[in-house]
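Chain order of the listed sequences is S and R.
Each residue of the first sequence is one higher than the last, beginning at 0 in numbering that gives the first Met the number 0.
Each residue of the second sequence is one higher than the last, beginning at 0 in numbering that gives the first Met the number 0.
Because the hints were derived from the structure by calculation, they are not lab data.
Errors might be hidden in some of the hints.
Sample of chain S residues facing chain R (criterion: CB under 10 angstroms; computed from the structure) [to be verified]:
1. L130
2. V226
3. E268
4. E289
5. S290
6. A306
7. W307
8. D310
9. R325
10. A335
11. P336
12. Q338
When the alpha-carbon atoms are kept at most 20 angstroms apart in a straight line, the in silico SDA-like pairs for lysine to any residue are as follows [unchecked claim]:
13. R:K242 - R:I230
14. R:K192 - S:R363
15. R:K15 - S:E305
Cβ coordinates follow ideal geometry from the N, Cα and C atoms, glycine included.
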Amino acid sequence: MGAELTDLDFIRRVRGICGQKNVLTGTADLEFFGSDRTRLATPAPLAVAFPGTTEQVVDLVRLAASAGRSVVPSGGRTGLSGGAMALRGELVIAMDRMNTIKAFDAINQSVVCQAGVVTAQLQAYARDRGLFYPVDFAASGSSQIGGNIATNAGGIRVIRYGMTRQWVSGVKLVTGGGDVLDLNRGLTKNNTGYDLRHLVVGSEGTLGIVVEATMQLTTSPPPSSVVCLALAKLDAVMEVSRAFKASSSLSAFEFFSEAAMKAVVASGETRPFDTIAPFYVLLELDADTESRVDAAFNCFERCVREAWVMDGVISQSGEQAARLWRLREGISEALAPLQPYKNDLSVTPSQVPVFLAEVEEVCRSHYPDFSLVWYGHIGDGNLHLNVLKPEQLTAAAFHERCNEANEKIYQIVQSLGGSVSAEHGVGLLKRGALARTSTPPELAILRHIKSAFDPSGIMNPGKIMPTIPDS
Amino acid sequence: MKVLVAVKRVADANVKVRAKADGTDVDLNNVKMAINPFCEIAVEEAVRLKESGVAEEVVAVSIGDKSCQEQIRTSLALGADRGIQVETDANLQPLAIAKLLKAVIDRESPDLIILGKQSIDSDNNQTGQMLAALAGLAQGTFASEVVLEDGHARVTREVDGGLQTLNLKLPAVVTTDLRLNEPRYASLPNIMKAKKKPMDVLTPEELGVDVASKLTMVKVEPPAERSAGIIVESVEQLVDKLKNEAKVIS
Ligand SMILES: Cc1cc2nc3c(=O)[nH]c(=O)nc-3n(C[C@H](O)[C@H](O)[C@H](O)COP(=O)(O)OP(=O)(O)OC[C@H]3O[C@@H](n4cnc5c(N)ncnc54)[C@H](O)[C@@H]3O)c2cc1C
């Protein structure tokens, strides 16, 4: 470790690397860039640096390592687990300036982009070339490719296209040790031992900083229609899922409860039909041929006959499809002012009804004052459980009770072999729960991997795992 | 009272269309098709007239190859009672469409004919006007409100600089503007019911209309790419560039 640097000296050196105007230290900037969407606690980083090149990122990381200062990588700051929260004098390295799409290869159907490229920017770039980047979700207008890789973002089309991991064919990483790793380099086939690229996917900034990635694109999907159905009862979800999977080619299968519908409607969307149901599903299906469309209609008829479905609509235009999607995608933002307690849980898709019923039962008997809002990517077995704060509770008391309730909920997750964080990552928010579904030997391996990439432990310390105790 | 609505099958408004590589036409391969948004508004208006008890029957007409039956089915699902397809593979111009619609009107004798003000594919804004002229009917174009009473249609039109209200004697032709209404979703139960609604298929020959086009399409090409913008350093520089480079101010 080099000579101790004062805060001011350190900031001066950071400015020397990135340039005067690319380092911010004002209070409002520190709060904004030191936080993600959770706003878990008051951010308090030392400075925010906006590097413009890989070399600058290397220099920043090496400087931080030699000065024994921690680094928090920051992408689009839309994370929902506190992964990008900087709370204790860290150097935030924000990738916003590294937002260039550097190369397109039509034969490989791939794009080399810098980590700060916004997800929607890559989607539009693909579309302009008659191709498709399939990872999509409500925050894709702000989230960055680097952040998507660091969280292995999922979203609304996972049932057909998988998570971000599936689309990363190369990653350039600046490790916590200041080395530049150029991993997998766009290769389709590369069996040369452990695939370090895949360790970087989902590492939440704890191994190093993603500076560049090779992302795969795919052919554009056929024309599709969006269907929204009113479900008579919970059990119907899986029946409807099975029926539509058999009859149609689905690209999304989403779910939300009436409480969620109420919230989005209050935020300005319109109900798709007059029927009020306990649950709704929204599905997107290929509608490129008449027989496909007819198959969907027949499936709907069957679902009505079986009394699974009470009502439904199908989009007749892209505009209507977008409006129907807003019913699902608007939920998270519609609930935000109510400061819900969020859980992002997964089980296998077939276990969803059992899981949901058990959680509802536990909450009904122990926490009757909680109102539960369910929604999620149910085709993937992924449910976002949002608990709304009862008015009479203070925020602190509410969180305490939620943590207590979580113990019971996690027990259910554990008993079903599920996951305590399906797609939002662990960050700060779920690290206490990690041991629920990861065993001690697994956690020990995680720590070893981290120290191999980040020997001085400066990369996003305390995220995923509590800070390694000195021993 | 009988209302006739015309619906056109077009590339979905949300699709970014491309020209075919050889420049002969727009490439509609693998493109989502939909009812022209203005026609959708026409259907909605007709259905609302029926729901409010003003109209007894709504007939949806579309002209084109077999695929346009999909848009007729959608209109039936939205609430139209019966469909008519005039089947032809020909590439039709507004005048031919207007003549065909005129022939359908002669058979159906509707009291009100509602069309979109234009279709979003070719943006002609001609069919409604030509139809009214051919049929010798009153016309109210760009309607943002339609009220029917005493054998008349009171049509509020969106014109430059304000609104104009016309009182048309029925039967009349009305074309819709964007703000007339917000179309509903097609409900799946209604789509199923619509399958049982009748749809007649006619041909231009049966209607005695010659649809031969008098226009030839020479070429389709995409709009020129815009060159990238620049960020100027100051207001002075902006003014200077607008004056001396773009020459848009003096
Ligand atoms: C309305 C809304 C809806 C959402 N829906 C979904 C959804 O459906 N599915 C889903 O998976 N997520 C969803 N999210 C969560 C979030 O958008 C994703 O986790 C996203 O991938 C985060 O990207 P970001 O660029 O904003 O990352 P940030 O929030 O900035 O950071 C996330 C983590 O990645 C690290 N990181 C960021 N950039 C880098 C980098 N270049 N190198 C290394 N580490 C980095 C950070 O340190 C942090 O740990 C949603 C969020 C919102 C607000």
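These are the hints, each one checked on the structure:
no.	hint	verdict
1	L130	violated (13 angstroms)
2	V226	holds (7 angstroms)
3	E268	violated (13 angstroms)
4	E289	holds (7 angstroms)
5	S290	violated (12 angstroms)
6	A306	violated (14 angstroms)
7	W307	violated (13 angstroms)
8	D310	holds (7 angstroms)
9	R325	violated (13 angstroms)
10	A335	violated (27 angstroms)
11	P336	violated (26 angstroms)
12	Q338	violated (32 angstroms)
13	R:K242 - R:I230	holds (16 angstroms)
14	R:K192 - S:R363	violated (41 angstroms)
15	R:K15 - S:E305	violated (40 angstroms)
Checked against the numbered hints above, the structure violates hints 1, 3, 5, 6, 7, 9, 10, 11, 12, 14 and 15; every other hint is satisfied.
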